[in-house]
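2 protein chains.
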Amino acid sequence: MSVRINNGYVITANAQNACMEGCVIVDGGIIVYAGSEALAPDMDVARTIDANGGIIAPGFVNTHTHVAMNLLRGYADDMALMDWLQNSIWPAEARLDEEAVYWGTMLAIAEMVSGGITCFSDMYNFTEQIAKAANDAGIRALIATAVLDIDGQGDKRLQKAADLFDFVKDYPRVEAAIGPHAEYTVSPEMFKKVGKYAQKFGSRIHVHISETFGEHSECIERHGKTPIGLLNSLGLLELPLMAAHCVWISDEDMTLMAEKDITVLSCPGSNLKLGSGIARVCKMMDTGVNVSCATDGAASNNNLSMMEEMTLISLLQKGVNHQPMLMPAKTAVRIATINGAKALGLEQITGSIEAGKQADLVIIDTSGVRYCPKTNLLNHFVYSGSDADVKLTMVGGDILYEDGKITFGDIEEIKAKASQQTARLVMT
Amino acid sequence: MSVRINNGYVITANAQNACMEGCVIVDGGIIVYAGSEALAPDMDVARTIDANGGIIAPGFVNTHTHVAMNLLRGYADDMALMDWLQNSIWPAEARLDEEAVYWGTMLAIAEMVSGGITCFSDMYNFTEQIAKAANDAGIRALIATAVLDIDGQGDKRLQKAADLFDFVKDYPRVEAAIGPHAEYTVSPEMFKKVGKYAQKFGSRIHVHISETFGEHSECIERHGKTPIGLLNSLGLLELPLMAAHCVWISDEDMTLMAEKDITVLSCPGSNLKLGSGIARVCKMMDTGVNVSCATDGAASNNNLSMMEEMTLISLLQKGVNHQPMLMPAKTAVRIATINGAKALGLEQITGSIEAGKQADLVIIDTSGVRYCPKTNLLNHFVYSGSDADVKLTMVGGDILYEDGKITFGDIEEIKAKASQQTARLVMT
Numbered sequence: 001m002s003v004r005i006n007n008g009y010v011i012t013a014n015a016q017n018a019c020m021e022g023c024v025i026v027d028g029g030i031i032v033y034a035g036s037e038a039l040a041p042d043m044d045v046a047r048t049i050d051a052n053g054g055i056i057a058p059g060f061v062n063t064h065t066h067v068a069m070n071l072l073r074g075y076a077d078d079m080a081l082m083d084w085l086q087n088s089i090w091p092a093e094a095r096l097d098e099e100a101v102y103w104g105t106m107l108a109i110a111e112m113v114s115g116g117i118t119c120f121s122d123m124y125n126f127t128e129q130i131a132k133a134a135n136d137a138g139i140r141a142l143i144a145t146a147v148l149d150i151d152g153q154g155d156k157r158l159q160k161a162a163d164l165f166d167f168v169k170d171y172p173r174v175e176a177a178i179g180p181h182a183e184y185t186v187s188p189e190m191f192k193k194v195g196k197y198a199q200k201f202g203s204r205i206h207v208h209i210s211e212t213f214g215e216h217s218e219c220i221e222r223h224g225k226t227p228i229g230l231l232n233s234l235g236l237l238e239l240p241l242m243a244a245h246c247v248w249i250s251d252e253d254m255t256l257m258a259e260k261d262i263t264v265l266s267c268p269g270s271n272l273k274l275g276s277g278i279a280r281v282c283k284m285m286d287t288g289v290n291v292s293c294a295t296d297g298a299a300s301n302n303n304l305s306m307m308e309e310m311t312l313i314s315l316l317q318k319g320v321n322h323q324p325m326l327m328p329a330k331t332a333v334r335i336a337t338i339n340g341a342k343a344l345g346l347e348q349i350t351g352s353i354e355a356g357k358q359a360d361l362v363i364i365d366t367s368g369v370r371y372c373p374k375t376n377l378l379n380h381f382v383y384s385g386s387d388a389d390v391k392l393t394m395v396g397g398d399i400l401y402e403d404g405k406i407t408f409g410d411i412e413e414i415k416a417k418a419s420q421q422t423a424r425l426v427m428t
Numbered sequence: 001m002s003v004r005i006n007n008g009y010v011i012t013a014n015a016q017n018a019c020m021e022g023c024v025i026v027d028g029g030i031i032v033y034a035g036s037e038a039l040a041p042d043m044d045v046a047r048t049i050d051a052n053g054g055i056i057a058p059g060f061v062n063t064h065t066h067v068a069m070n071l072l073r074g075y076a077d078d079m080a081l082m083d084w085l086q087n088s089i090w091p092a093e094a095r096l097d098e099e100a101v102y103w104g105t106m107l108a109i110a111e112m113v114s115g116g117i118t119c120f121s122d123m124y125n126f127t128e129q130i131a132k133a134a135n136d137a138g139i140r141a142l143i144a145t146a147v148l149d150i151d152g153q154g155d156k157r158l159q160k161a162a163d164l165f166d167f168v169k170d171y172p173r174v175e176a177a178i179g180p181h182a183e184y185t186v187s188p189e190m191f192k193k194v195g196k197y198a199q200k201f202g203s204r205i206h207v208h209i210s211e212t213f214g215e216h217s218e219c220i221e222r223h224g225k226t227p228i229g230l231l232n233s234l235g236l237l238e239l240p241l242m243a244a245h246c247v248w249i250s251d252e253d254m255t256l257m258a259e260k261d262i263t264v265l266s267c268p269g270s271n272l273k274l275g276s277g278i279a280r281v282c283k284m285m286d287t288g289v290n291v292s293c294a295t296d297g298a299a300s301n302n303n304l305s306m307m308e309e310m311t312l313i314s315l316l317q318k319g320v321n322h323q324p325m326l327m328p329a330k331t332a333v334r335i336a337t338i339n340g341a342k343a344l345g346l347e348q349i350t351g352s353i354e355a356g357k358q359a360d361l362v363i364i365d366t367s368g369v370r371y372c373p374k375t376n377l378l379n380h381f382v383y384s385g386s387d388a389d390v391k392l393t394m395v396g397g398d399i400l401y402e403d404g405k406i407t408f409g410d411i412e413e414i415k416a417k418a419s420q421q422t423a424r425l426v427m428t
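Order-wise, the sequence lines are chains A and B. Count the first sequence with the working numbering and you get residues 1 to 428, in order. Count the second sequence with the working numbering and you get residues 1 to 428, in order.
Simulated from the structure, these hints should not be mistaken for lab results. There may be inaccurate statements among the hints.
Claimed, not checked - Sample of chain B residues at the chain A side, in silico, Cβ under 8 Å: (1) R47; (2) T48; (3) N52; (4) L272; (5) M325; (6) T375; (7) S384; (8) D387.
What the hints assert, rightly or not - In silico negatives: residues of chain A with every beta carbon more than 12 Å from chain B: (9) A108; (10) D136; (11) L148; (12) I150; (13) D166; (14) H181; (15) N271; (16) G288; (17) S384.
To be verified - Simulated crosslink set (EDC-like; lysine to aspartate or glutamate; CA at most 20 Å straight-line): (18) B:K405 to A:D365; (19) A:K132 to A:D155; (20) B:K374 to B:D50; (21) B:K405 to A:D170; (22) B:K156 to B:E238; (23) A:K374 to B:E412; (24) A:K405 to B:D136; (25) A:K169 to A:E221; (26) B:K156 to B:D136; (27) A:K156 to A:D136; (28) B:K417 to B:D136; (29) A:K193 to A:D170; (30) A:K156 to A:D97; (31) A:K405 to B:E128; (32) B:K417 to B:D97; (33) B:K417 to B:D398; (34) A:K200 to A:D155; (35) A:K132 to A:E354; (36) B:K374 to A:E93; (37) B:K160 to B:D97; (38) B:K342 to B:E413; (39) A:K260 to A:E218; (40) B:K196 to B:D155.
Owing to the predicted nature of the structure, the values given are computational and were not obtained by experimental measurement. Note that CB positions come from ideal geometry on N, CA and C, so glycine has one too.
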């Protein structure tokens, strides 16, 4: 379908960070024009949308989440990490099955599109169901099957990871990745096998790195190397690797990651909530590392709002470094959009509003009190707005959310099915 | 008007932190019952509201703000503090007049009630207009006229502060306070005069304390005392004093504040955004200090969402202290409600849902995806919800906001008038 969105303030997140009043024209799922209305090509379109002076921005790219964990939102909060995992999360997750993951994912996708997310990157089990739900909904996704061998099930999981590559091949917006869970759950031998699989499938590697101080320092005790140092010694940094969290990485880790083009998936809200700490994001960026941001799962966030993460990552860097100039609004937007696309290897097709890219975008209603007075729409978007301002979310030209409603399913059915699954998972 | 709100989950914030399924009955502006529906008194009421399983909570008490600064939202962000003040904020504020402050306040009140705030505490100039707007809208307010003498205008301002006490006497929900701005703008002599005024009027004192490291350490250089130590030496801690920010107060300051019953108005979002730092809120509370939370002005936040501040103050304490058990959801709710009422000396009339108190409350719609699955409504309220979930805001039994609309004015007129004022203030 062809669509022309008029009367907008376009935040492009292109290389020049251009923002301008104008319009966006979409044809065949592709952005064919973004710029001033006066210079727009004269095209017949199936639908014209009036943005009413609102923002047209790239959709958010949520680079690290576990979408099915929406089923466990609010179930166990304010607990110590290991108590939380061992006594609440893992027992519930042990009851997961394909149906639960499918409906948990649908719930999460409904939440994500309502907050302007057009692409997500996941690491979990039952990943075929995550892929199926993403395809059913029409959202873009990079899905990594979790691999760990601490329980002796490594090769079985590796096979499941391999299966996913075949499973997603007919899903146009879904790609598979491989997800070695973390240094403390994956042996060096298994990491090497993962590396070979990633080479074979040409896939990205999605891994948790140095989320907590304990995890980081115990790796040094075990191996005489940081997690990043260990992965480097195993050859994994030669492959496209996405490192979630990175709260405790060293300066040397950062230098190595910049050299090897390893990308960071920072989860500021989850890192606070679980008591992990605050990642040194500005230092990473100064070192040359590509930093994206993400919500993590809803069990540790407790929502999937990239709008909130975008605000938080900026505020935290200003506050912790005592420098209010750090991470200005335009940088926060890049972290939440184009940097995420780069992290996922999708920067050629999404992450910014530029002619030739997929039409993955949002329209933000700026008529509310939080956008008044209209001094600076970019500042309002980052520092004042909220998910509730999202008027429309489009992926590849398809509208997945508009005026408070998802278009790909019955929200009441999704909530009911997800709630039934939760009741089963958390039964005691 | 009498109202019965049925089918709710009541978060009382009473001394026992009780939460229960039930109803709330309001008569003559007063809560006459809160508890199970089965035990509710059989009363004729003018209106019955179905909360539809949603939350009924005390309205938020926003203890430190400068509401008229809504006019400068987004005007100057990502700047160093003194550059921001000297080159952006102060020149704009120099053009403020009564009309600007009135409409800026109305805009802020519209925003606050849409986010469930039922009471605010302000410090600014042209405070008669703030009081008038609060009274026109029907919101509860404690308004302090800013007093400083660094420019030689101290006695004039002190007179204005005195005038406000007379001005508000016919406004049932508005009280006056006196607001010596900060140690670096108010001389010790003027602080003593302020103390005498506060005694004379029986009023509270609202002051900025140790917001930045520079301010805190320069006071020690000047006086050999911290700002709190200085105020103690001037006798001001014997009076009911509300200390905003307190990011850099010492352990000794905390002990003194606990002894003297001095209350903290913590502004976590503003403190991050301006690069001031992160207040040691849990340490303060462990020492026995009453801590409330607040938005500060919209020029440094950039919105007036207490929902966001409630979440943030909890997450920050967990994250910075590396202890996810710190500041659990029930404590965050207290900080945003009853602790705020205590800070303002209003805990006998507001801040919790208890029979005999003013009906200052909110109804939260829990039918959205962020409240699904319904594992724990208290956790969802603190960690997942947003202002957009506020369905109704009531002050003293009067509904000020319902289903997306304010009831005390025309929102389009308020936005237009405020925007006109902003255009005048920021003209270059």
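For each hint, the structure was consulted:
The interface hint given for R47 (chain B) is violated, since its Cβ lies 26 Å from the closest Cβ of chain A, which is over the 8 Å cut-off. A cut of 8 Å between beta carbons decides the hint on T48 (chain B): the least distance to chain A is about 25 Å, and the hint is violated. Residue-level restraint check for N52 (chain B) is violated (minimum Cβ-Cβ distance to chain A is 14 Å; threshold 8 Å). A hinted interface residue such as L272 (chain B) counts as satisfied when its beta carbon comes closer than 8 Å to some beta carbon of chain A; here the least separation is about 3 Å, so the hint holds.
Hint status for M325 (chain B) relative to chain A: holds, with the closest Cβ pair at about 6 Å, below 8 Å. Because the beta carbon of T375 (chain B) sits about 4 Å from the nearest beta carbon in chain A, less than 8 Å, this interface hint is met. Because the beta carbon of S384 (chain B) sits about 4 Å from the nearest beta carbon in chain A, less than 8 Å, this interface hint is met. Annotation: D387 (chain B) was flagged as interfacial toward chain A, and the flag holds, the nearest CB pair being 7 Å apart, inside 8 Å.
Residue placement check: A108 (chain A) does not keep its beta carbon more than 12 Å from all beta carbons of chain B (closest about 9 Å). Every CB of chain B is more than 12 Å from the CB of D136 (chain A) (nearest about 17 Å), matching its label as outside the interface. No beta-carbon of chain B comes within 12 Å of the beta-carbon of L148 (chain A); the shortest separation is about 23 Å. With a least beta-carbon separation of about 23 Å from chain B, I150 (chain A) lies farther than 12 Å from that chain, consistent with its non-interface assignment.
No Cβ of chain B approaches the Cβ of D166 (chain A) within 12 Å, the least distance being about 32 Å, so the stated non-interface status holds. Separation of H181 (chain A) from chain B is adequate, the least Cβ-Cβ distance of about 20 Å exceeding the 12 Å criterion. With a least CB separation of 6 Å from chain B, N271 (chain A) falls inside the 12 Å interface cut-off, contrary to its annotation. With a cut of 12 Å on Cβ distances, G288 (chain A) stays outside the contact zone with chain B, its closest approach being about 22 Å.
The claim that S384 (chain A) lies off the interface is violated: its Cβ sits roughly 4 Å from the closest Cβ of chain B, which falls inside the 12 Å cut-off. Taken as a hint, the K405 (chain B) and D365 (chain A) pair is honoured in the structure, with Cα atoms around 16 Å apart against an allowance of 20 Å. A threshold of 20 Å between alpha carbons decides the hint, and for K132 (chain A) with D155 (chain A) the separation of about 24 Å lies outside it, so the pair is violated. A distance of roughly 18 Å separates the Cα atoms of K374 (chain B) and D50 (chain B); the hinted pair therefore holds under the 20 Å criterion.
In summary, the hint linking K405 (chain B) to D170 (chain A) is not supported, as the alpha carbons are separated by about 47 Å, beyond the 20 Å threshold. For the proposed pair K156 (chain B) and E238 (chain B), the alpha carbon gap of about 25 Å is over 20 Å, so the pair is violated. For the proposed pair K374 (chain A) and E412 (chain B), the alpha carbon gap of about 14 Å is at most 20 Å, so the pair holds. In summary, the hint linking K405 (chain A) to D136 (chain B) is not supported, as the alpha carbons are separated by about 36 Å, beyond the 20 Å threshold.
Taken as a hint, the K169 (chain A) and E221 (chain A) pair is broken in the structure, with Cα atoms around 42 Å apart against an allowance of 20 Å. A hinted pair counts as satisfied when its Cα atoms are at most 20 Å apart, and K156 (chain B) with D136 (chain B) does not qualify at roughly 27 Å. This hinted pair does not check out: K156 (chain A) and D136 (chain A) have alpha carbons roughly 27 Å apart, beyond 20 Å. Proximity of K417 (chain B) to D136 (chain B) is assessed by CA-CA distance (about 16 Å); at most 20 Å being required, the pair is judged to hold.
Proposed proximity of K193 (chain A) and D170 (chain A) is contradicted: the alpha carbons are some 26 Å apart, above 20 Å. A hinted pair counts as satisfied when its Cα atoms are at most 20 Å apart, and K156 (chain A) with D97 (chain A) qualifies at roughly 16 Å. At roughly 44 Å between alpha-carbon atoms, K405 (chain A) and E128 (chain B) are farther apart than 20 Å, so this suggested pair is violated. Among the hinted pairs, K417 (chain B) with D97 (chain B) is consistent with the structure: their alpha-carbon atoms are about 13 Å apart, no more than 20 Å.
With a CA separation close to 25 Å, the supplied pair K417 (chain B) and D398 (chain B) exceeds the 20 Å bound. A threshold of 20 Å between alpha carbons decides the hint, and for K200 (chain A) with D155 (chain A) the separation of about 16 Å falls inside it, so the pair holds. As the CA atoms of K132 (chain A) and E354 (chain A) are separated by approximately 29 Å, the hinted pair breaks the 20 Å bound. For a cut-off of 20 Å, the pair hint linking K374 (chain B) to E93 (chain A) stands: about 18 Å separates their Cα positions.
A hinted pair counts as satisfied when its Cα atoms are at most 20 Å apart, and K160 (chain B) with D97 (chain B) qualifies at roughly 14 Å. Note on K342 (chain B) and E413 (chain B): the hinted pairing is violated, with a Cα-Cα distance of about 35 Å set against a maximum of 20 Å. Distance restraint check for K260 (chain A) and E218 (chain A): the Cα-Cα separation of roughly 24 Å exceeds the 20 Å cut-off, and the hinted pair is therefore not satisfied. Between K196 (chain B) and D155 (chain B) the CA atoms are separated by roughly 13 Å; this keeps the pair inside 20 Å, and the hint holds.
When each numbered hint is compared with the structure, violations occur for hints 1, 2, 3, 9, 15, 17, 19, 21, 22, 24, 25, 26, 27, 29, 31, 33, 35, 38 and 39.
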